[in-house]
Amino acid sequence: MTTRLRVLDDGAWISVDDDRKVRVSELWRLDASDLCDCALTDLVVENFQAVGVDGSTVEARVYGQCIACGEDGTTGWIPVGRVHGGSFAEIDRDAVRRPTDCSDG
Amino acid sequence: MPTDVENWKSEVYGNEVRDRLFEFAEAGFDSIPDDERDAWFERFKWWGLYHQRNGQEGYFMLRIGTPNGVLEPGQLRVVGEIADEYARGPGTNPIFGGAYADFTTRQSIQLHWIELSDVPAIFEKLEANGLSTQQACGDSWRNIVGNPVAGKDGQEVVDAWPVIRELNETFKGNDDHANLPRKWKVSVTGSADGSGQGDINDLAFEPAYKAVGGGEGGVDNDGSEDAVGFNVRVGGGLSRNEPRLARDIDVWVPPEKVPAVAGGLSALFRDNGDREDRYNARIKFLVDEWGPEAVRETLQDEYVDFELETAGRDVREEYTYNTGSGERNDLIGVHDQKDGRNFVGLNVLVGRMGAGDVLELADLADEYGSGEVRLSQRQNVIVTDVPDDALDAFRDEPLLEHYSPSPSPFMRGSVACTGTEFCSLSIVETKNRQVRFARWLKANVDLPGGVDEFHIHLSGCTASCAQPQIADVSLRGMKTRKDGDPVEALDVGLGGGLGDEPGFARWVTQRVPADEVPGAIANLIEGFAAERDEDESFRAFVARHDDEELDALVEPKETDYEDPMLHNTKRTWYPYAENDAMEDAPPAPADD
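Heads up: the protein sequence lines correspond to chains X and B, in order. Note that my numbering has the first sequence beginning at 1, numbered continuously upward. Note that my numbering has the second sequence beginning at 1, numbered continuously upward.
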């Protein structure tokens with residue numbers, strides 16, 4: 001089954017199968033992110049730049065800022081959710097996320 | 001590879017979207033196939049409809065493009081009637097009520113909670129009265145902006161209103177320019193005050209004189225007459241943390257040739273803009289890449305069939321609008337028209353006016369003026385054509401207690417975008433927050449002597465719809481943690497403004513919890529008053545201090561200001577609802 005993934009509305013959303021599933025304005029904690037040197041990046045999700053998939057994991061590149069150190073920029077690929085049996089489940093917003101290496105978008 | 005949006009646009013876009021839009025409206029919101037919703041919501045933007053954020057499924061923002069902000073007699077009443085009848089939804093705003101109109105920084109009007117099934121009736125009423133939503137959003141010519149009192153302003157160099165009307169008639173609904181790589185924002189200004197804000201537009205025409213063998217206009221030092229027309233700038237804009245001032249491409253154009261040059265540049269953008277990366281698509285990035293000289297050369301070689309004149313003598317040294325100079329920094333108050341009558345600028349706090357007040361203002365415009373109303377880029381309204389002998393009675397109208405021609409500087413200077421109330425991109429709540437800020441500052445803070453204007457712009461994100469980078473105090477949505485909990489916060493920038501030497505605000509203090517922002521501004525103003533050189537403007541004061549010094553002046557502080565929206569308002573379906581949790585969101589409106 002094919003899952004349609006898109007970034008929409010100037011980066012405000014990740015749409016999964018034409019349904020707005022992941023939104024900006026959340027705080028995500030990232031372990032070992034390439035955005036800054038903080039042990040745990042506390043990222044304000046300002047804008048989605050790209051969305052892709054690695055196996056069943058949906059990933060995104062995010063423009064944002066670490067509120068711990070102030071560094072801003074675009075992250076590498078960060079998991080945002082998983083697709084199981086054709087339905088999408090967003091990762092717990094309070095979970096610590098570990099960026100993945102790559103995605104084929 | 002073209003983006004999904006480009007693929008959708010290549011299938012159906014522009015004028016042809018209308019028939020399908022009406023079919024969906026007739027059949028009901030649920031008739032839009034699930035696997036086509038992303039595509040249709042993107043296409044609907046071309047007709048001014050923007051699906052509201054999640055939790056508000058099935059409701060749309062509707063934007064009416066009013067070229068140059070001009071509402072001809074009767075049109076404001078139509079807007080008020082439509083707002084009253086159709087712009088009501090399941091959420092009620094605690095400050096503004098259940099139906100209102102938003103006047104925007106691009107001289108347009110936005111209504112919310114619009115149901116798809118009502119769109120044909122709304123379009124019919126708008127169009128029967130000379131109004132339209134066509135291209136109010138989407139990738140094409142947006143609402144053309146300028147000095148809202150074009151044709152009437154006593155400070156006018158050249159009347160830009162006929163030019164704007166011709167551009168609007170030429171490029172609205174024009175299939176050759178309907179599908180651009182991205183939005184296309186145009187400013188045409190004939191006044192010497194800079195109120196068209198050309199520097200922050202994709203394409204700007206600004207008044208200028210040129211010696212071209214006679215003609216009307218100014219007089220040079222040698223006594224020869226110059227023609228009046230426009231200098232051309234390209235590639236300005238504020239969005240995405242990549243603000244740019246429009247670049248001078250060394251072109252002067254007489255009024256009659258503006259459509260040819262504007263069309264040439266629009267076509268240049270159409271053919272050369274980036275359609276593979278929407279973040280890189282605006283023409284400001286093309287100008288970055290090419291340089292203004294190459295833009296001019298390509299325009300000359302490929303897009304116009306006459307010899308372009310080099311730039312003329314501009315009047316930028318006379319610009320006052322949004323400069324912080326203390327002269328005509330906005331268009332609030334009573335000002336002279338060329339014909340001896342007056343235009344009266346009224347302050348609309350954060351640009352939002354209840355539907356009942358819109359209708360009452362329309363009545364007052366009829367009674368005291370010609371019925372015409374115009375919209376400024378500072379989200380305010382202007383009643384034109386008021387004779388001298390009607391001014392006192394007009395000013396005594398009770399409605400003007402709320403929409404004052406002589407407001408508090410903090411009311412006068414407040415601009416705010418839509419925010420998380422409706423917008424998908426915004427990170428924080430904005431309009432009601434800016435109202436609370438302005439009220440608190442008015443009650444608690446005095447500006448130093450001689451300072452009677454102070455611009456504070458609040459934008460919910462880096463899209464910069466409130467134009468934060470050109471304010472005295474720029475506020476931009478952010479998040480932080482307070483006592484370990486996530487809270488809405490604001491970055492603070494200082495000292496932005498336009499004029500002969502425009503400059504963007506410097507972001508000196510980051511992530512101030514929203515409830516500490518009024519205290520921070522109070523401390524900043526206290527520092528300004530204490531350290532100011534004589535009658536120095538705030539902008540000049542900022543310019544002579546470094547970021548560290550300014551950051552020290554912006555000392556966040558809790559006060560008796562209370563902010564009820566500190567939590568993550570994006571997690572609500574509507575921030576002001578009693579039961580605001582996303583799971584309490586109402587279903588999409590039922591089909592009639």
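Calculated directly from the structure, the hints in this document are not laboratory data. In this text, a Cβ means the ideal position worked out from N, Cα and C, and glycines have one as well. Hints are supplied without guarantee of correctness; some may be wrong.
Said to hold, decoys possible - Computed, partial: chain X to chain B, Cβ under 8 Å: (1) R6; (2) D9; (3) S15; (4) D18; (5) V24; (6) R29; (7) I67.
Results of checking the hints against the structure:
1. R6: 5 Å, holds
2. D9: 5 Å, holds
3. S15: Since the shortest Cβ distance to chain B is 5 Å, the answer is holds.
4. D18: 5 Å, holds
5. V24: With a minimum Cβ separation of about 6 Å from chain B (threshold 8 Å), the hint on X/V24 holds.
6. R29: Given a least distance of 11 Å, the restraint on X/R29 is violated.
7. I67: 5 Å, holds
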